[in-house]
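Novice: Now for the letters of each chain:
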Amino acid sequence: MSDPFTFRIDGVAVTAKPGQTIMEAADAAGIYIPRLCDVDGLRHQGGCRVCTVKAGGRSVSSCTQPAEPGLEVENNTEARNRVRRDLVEMLFHEGNHLCPICEKSGNCELQAMAYRLGMTAPTRFPYLEPCRDLDASHPDIALDTNRCISCGRCIRASQDVDGKGVFGYVGRGIHRRVAVNGDNLADTDAVLADKAMSVCPVGCIIRKNEGFRMPIGARHFDHGLIGHEIEEKSK
Amino acid sequence: MAASRLIEISPVTRVEGHGKVTIHLDENNNVDEARLHIVEFRGFERFIRGRLLWEVPVIVQRLCGICPVSHHLAAAKAMDQIVGVDVLPPTAEKMRRLMHYGQVMQSHVLHFFHLAAPDLLFGFGSDFAKRNIFEVIRQNPELGLRAVLMRKFGQEIIEATAGKKIHGTGAIPGGINRNLDIATRDRFLSQVDQMLEWSQGALAIARGYVEDHRALVDSFGSFPSNHMSIVREDGALDLYHGKMRALTPDGAPIFDMLNYNDYHKHIVEDVRSWSYMKFPFIKELGPETGWYRVGPLARMNTADFIDTPLANEAHGALKAYSGGKLNHSTLANHWARMIEVVHCVEKIRELLHDPDLQGTDLRAVGERRHEGVGVIEAPRGNLIHHYKVDENDQVTYCNLIVSTTHNNEGMNRAVKDVAITHLSGQPKITEGMLNHIEVAIRAYDPCLSCATHALGQMPLQVEIYDAGDRLVDRAGQCL
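Those sequence lines, one after another, are chains A and X. Going by our numbering, the first residue of the first sequence is number 1, and it counts up by one from there. Going by our numbering, the first residue of the second sequence is number 1001, and it counts up by one from there.
Isolated chain A (complex conformation) (with noise of 0.2 angstroms):
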C-alpha cells in the first residue's frame, strides 16, 4: 500500500497517501474537519472529540484513524454537527469563557468553534464555574485555567518540541486539569519562546502585556470562520 488511494467524505473522493490521517488527507484536500486538541507541528491526540466522524459506521476521532482506501466518511452532516456543538457547549459550561472580557476573543478557537457550529449561547448545562487562582507569577506569561479545555496542545508542546515538561495533567475524570511543574509557573523552565506558550487554542496561556493590541477587524477569525483557510484550498 505505497500508492496514494482514494476514499469518500461526504461522498466527496479525497486522495490519501499512505499513512495519512483522515484528517491529513482531508485536509489536503480542502475539506475541513473540525477540530479543538490537534493542530499543526504537534502529534495527534485524539483528546477533544470534536473530530470525530463516522467511518465505516463506526465513530473515530478523525485525526488519529488512518485513511483507508474505499472508506466512506460521515463529516459534516447535521448529526456530526449536533454532537460537536454539544461537545464545544459542554465545554463553555466547565470552565469560565467569558469572551466579552478575554483577550483571546476573536482569536480563540473555542469561541471560533462555537460560532461555525451555530452556538450562540451556552444555555442548556449548568456550569461548573470553576474558581482557580490566575498565576501571574511569570514575568512574561499568565495561566488562567478557568479557561483551560484539557486539550493538551501545551503538554504535548512542552514534553515533544521543547523537551521541558512544564504542563502536565493532574487529577482524574472531571477533575483532571493542566498544571504546571512546580508551585507556579514562575517555579518551573517556562520561557516565552517556547512553543508551549504558543499553542493554546483559548485564553488559558497568556503573554503578558499584549492583551488587547491586536484590534478588533485584524483579529484572525474576524477574516472567516475557523477552518476557512483549509477550505479555500478547494475553491
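Source of the hints: derived by calculation from the structure; they are not laboratory data. Since this is a predicted model, take the numbers as computed values, not measurements. Don't take each hint at face value.
[As the list claims (entries may be wrong)] Label-pair restraints from in silico Cβ distances: (1) Y115/A with G1050/X: 24 to 32 angstroms; (2) S1190/X with D160/A: 53 to 61 angstroms; (3) S1424/X with G118/A: 55 to 63 angstroms; (4) R207/A with T1396/X: 17 to 25 angstroms; (5) N184/A with L1149/X: 47 to 55 angstroms; (6) D1127/X with G118/A: 41 to 49 angstroms.
Every residue, glycine too, gets a C-beta built ideally from N, C-alpha and C.
Since the structure of chain A is already known, use the hints to place chain X on it.
Specialist: This is chain X only, laid out in the frame that chain A set:
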C-alpha cells in the same frame, strides 16, 4: 384621620438601570420623606481584583451598555499611569478623544430625544400612553429621524475608534490599538456638517424650552449646591482630561486645579442603609454641606469658557440666563447637555481634519508603577477610576466613583423638592404627578447601572401602603 402612606415608584422609567423612589406621606397627605433608592448591586470593584492590568479597560466598561467608552477610557487613563506613561503619542490621545466625543454626543442625543423629550414636548403629566419616543416620532418624524441619525453618527465614531459600537477594545495601557484610515475619515467628514446643523437645532429646542418655561425651570427641583468637574488648565471645558475644580453655590472655589490623583484627599463616600449607591462629599465641607453635583450643568458652571466657537457662544447664553452666576436649575441640564453635543461635534470635526489621526505611533511605554488614577468627564459627569496593581500585573485595589454616584444627594434633594411641591396635600396621587418625580431624576440622566451595576427592567409599578404597611392600592404600566 387618614393613615400615613408609602408610595413607591419602582422602577423609575426612562433612565439607565434600575432604581425606585419611595415617598412617605403623613396623615395629612403631606410629604414626610422622599428618596431615590438604588436597589441592585454587582460589585465590579471586588471582582476586578486579581485580574491583569491590561484587561481592566475592557472588563470595567461592562459596567454599562450606554456609556461604556467612559469607563473604558477612565480605566485606560489609570492604566497609562501604571505602565508609566504620562504623555500619550498624539495619535493615541486624539483617537481616544475622538472616541469620547462620539460617545458623549450619542449618549446625550439618546437622553434628550429618547428619554427626556416626551416629557418636555408633551408635558410632565400628559397621557402616559403617548409619553414616549414613538409618539415623538409620530408627531415629528423629521425630528425623530435626526435623533436616530445623530446617535448613529456618534456610535459609528465609537466603532471606528474602538472596533465596535458597544464594548470595543480601542484604548490600551499607554495608547490605542488603531488609527483612523482615510476612507473612514472622509465618510465622517461628509456627514459632520449636517450633524453640526442638527446639533444646533437640538440646542435651540433645549434652550427654547428653558427660556419659554422660565418659572417652571427656575423652581422645579432647583436648589443651590456645589458643582464639580475637571477643567482644562486654562479653565476651558475639557471632557477628556484636566484638573479638578469644585465651586461653592456662589461660585467660589473649594478646590481648583487639583491633580486628580489626589481626589481621595478631598472626596470621601458616605454610606446609607437604604441604598446601594454611596453618597460622596467634599471632605473639607463635611457630609451636610459638602455634597455636590456633576454633569453637563455642573460643567457649564465650572468651565470658564469652551474652546469651540458655537458651543462657547451657547455657554455664554446659558451663563447670561443666570446673570453670570452659577445655574442651579435641575431642568437646565437639558440645555447644558445640548451645548455639549454642539461642542462634541465641533471637536469631532476639528479632529477629523487632524493628520495625527492617521499616525502610526500608537503606544508609549514607561517605567512601571503600582497605582494609577483615571478621571474623565463622562456624559453624566465626573468619573473616577482608581487602581493598585502588584508586581505580577494583578489588580489588588479598585475604587470607582461614577457620575450618578456623585449626583446621589442632588437627585435625592430634587426628588424631595418635587414631591413636596407636586404631591403634598393631594388627596389622590396620579401617575402624572408621579412622573414629575421621574422628570426630576431624568434631568440628571442617571445611569443606575453604572452606579451600582444593575440590570434594568422597565415596568413601572406604584404601590401605596398604609401606616400598618398594608397594601391599599397598586397601579402599573409596562413601557
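Novice: If a hint holds in the structure, say so; if it doesn't, say that too.
Specialist: Do the hints match the structure? See the list:
The hint said 24 to 32 angstroms for the Cβ distance between Y115/A and G1050/X, and at roughly 29 angstroms that hint holds. The hinted window of 53 to 61 angstroms between S1190/X and D160/A holds, with their beta carbons roughly 56 angstroms apart. Here the CB-CB span from S1424/X to G118/A is close to 59 angstroms, well matched to the stated 55 to 63 angstroms. The hinted range of 17 to 25 angstroms is satisfied by R207/A and T1396/X, whose Cβ atoms lie roughly 22 angstroms apart.
Look at N184/A against L1149/X: about 54 angstroms separates their beta carbons, and that is inside 47 to 55 angstroms. With their beta carbons about 45 angstroms apart, D1127/X and G118/A fall inside the hinted range of 41 to 49 angstroms.
No hint from the list above goes unmet by this structure.
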